[in-house]
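Engineer: The residues making up each chain are set out below.
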Amino acid sequence: MNALLATVRRDILLALRRKSEVLTAVFFFVIVTSLFPLGIGPEPVLLKKIAPGILWVAALLATLLGLPRLFAADHVDGTLEQMALSPSSLGLLVAGKILAHWLLCGLPLVLLAPVLGLQFDLDASALGILTLALLLGTPLLSLIGAIGAALTLGVRGGGVLLALLVLPLYIPALIFGAGAVEAHIAGLGAGGHLSLLAAMLALAVFFAPWATTAALRIALE
Amino acid sequence: MRQSIVHWFKFASPQSFYPLAGRMIPWFWAAAAIFGIAGLWISFFVAPTDAQQGEGYRIIFVHVPASWMSMFIYLVMAFWAGLGLALNTRVSGMMAQALAPTGALMAALSLLTGALWGKPMWGAWWVWDARLTSELILFFLYLGFMALQAAIDDPRRADKAGAILALVGVVNIPIIYFSVKWWNTLHQGSTINLNKAPSMAQTMLWGMMLMALAFWMYSIAMALMRVRAIILERERHTEWVKHAVE
Amino acid sequence: MQWNSVGDFFAMGGYALYVWGSFGACALLMIAEPFLARRRLSEARRLLARERLADELDLQQKNP
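Residue numbers (the working numbering), protein chains in the order written: chain A, 2 to 222; chain B, -4 to 241; chain C, 15 to 78.
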């Protein structure tokens, strides 16, 4: 457990030294969501209807933006190999790296989403559901994305390939995440969507670090 | 018993699998042709005109087999990939790689015939129906698998990375299907069920089964053909390959 | 048999474009795919034959 926390601490410290990389993803999120009203028109009824989908798709893409860097730097300077050889299990260290990625790339999106939701005329309770759905969903995105990042580590055209591998796997998160807000707005209650999202998160917490570790070992061979 | 296991493992080496595959291919082509001809005969000359959809329903005889095969091939591909990962047999990874393009083709055919069916029945080439959407996502999964394998130069790493992706995909497919279905029922309006044929005549079912068998045999023959090419490409520098190709 | 004439058969009750489009697309792609696979196989064979020829020439040059 200490190893996990140490990895999280290390990755966050490293990222804070190069703030621009973290901020890029956040700015991307803000700009993409702001582009949609400009492309579609300022009609509040329509914007309110498409808001959950837009915010979620933008969050997916913003998460994707940070993924290639998840293991790349450590792979290049050999840290990853040291991690694989270290006495603490690689799975734990990988889990730490994923957690750090979420804290740096996912959590800012969760915190920004309610502010951006205001652009789309969402009311307070819908904003709450949106934030909650993203809080459950963004770690899921980081976990699934980590598998893709490990598989494409050091591979030709890694970034685009990563998107091709990971985006189809993001679809359930998108459907339930955006669906939660839509269901809430429609007065159906978001409980079912949120609990399914939580169930998927639990499943991913269990399996994703394991699959990521296996993929990393293959990349390191 | 032990002898037979050893016997089977013998074919796990590319050297003995290459000629075996070569011998099996004509048989699978023959089976595909026989089932195909019988299936086509039933689909066009025996199966009656549908009461609601007229002759347009006959697309079912290629659409449904293509959809079935696209899903089935993904499972088989994941099975071979997993086997390769677990037992470290070389042919398994090659089989997975050989199956992927055929699976992608089946998914593409399913989408294409689905669109051609949808146009006269729904009045639109594409409807965000749960089945069509899942099929589209399956097509994306195939593309991802093939792109990943193509991007990695070391074939052993390509096999293993592809195997992990295929296994992750297999775990995800039920979740994706369920989520798309949920999404579809939530957004009512376009829920006309394509494959709901309440009074499907017995002959229609027979036609579909025979066509599915034909597609199945075709897929096996294709996979074997492609695996032979892959074996030659990968084992280029081994002694046996130099002697195998006289 | 429900077709009165050949023309009737090809008309497919007005669904000709869709029915023949579907079957035609399947036939086209399922003929093209084996053709491509066969070409890949013969390409691999050709490459191997060339490599072997190069090996033999090498050998001849070393011990004439």
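Simulated from the structure, these hints should not be mistaken for laboratory data. Check each hint, because a few of them may be wrong.
In silico BS3-like pairs for lysine-lysine, Cα to Cα no more than 27 Å straight-line [claimed, not checked]: (1) 114(B) x 49(A); (2) 237(B) x 50(A); (3) 76(C) x 237(B); (4) 114(B) x 176(B).
Using C-beta positions, here's what the derived DEER-type ranges look like [what the hints assert, rightly or not]: (5) 3(A) x 18(B): 45 to 51 Å; (6) 77(C) x 83(A): 36 to 42 Å; (7) 30(C) x 117(B): 17 to 23 Å; (8) 41(C) x 11(A): 56 to 62 Å; (9) 189(A) x 200(B): 20 to 26 Å.
We put the beta carbon where it would ideally sit given N, CA and C, even for glycine.
Engineer: If a hint holds in the structure, say so; if it does not, say that too.
Structural biologist: Going down the list of hints, with the structure as the test:
no.	hint	verdict
1	114(B) x 49(A)	violated (32 Å)
2	237(B) x 50(A)	violated (65 Å)
3	76(C) x 237(B)	holds (20 Å)
4	114(B) x 176(B)	holds (22 Å)
5	3(A) x 18(B): 45 to 51 Å	violated (59 Å)
6	77(C) x 83(A): 36 to 42 Å	violated (51 Å)
7	30(C) x 117(B): 17 to 23 Å	holds (18 Å)
8	41(C) x 11(A): 56 to 62 Å	holds (59 Å)
9	189(A) x 200(B): 20 to 26 Å	violated (38 Å)
Hint compliance for this structure: hints 1, 2, 5, 6, 9 are broken, all remaining hints hold.
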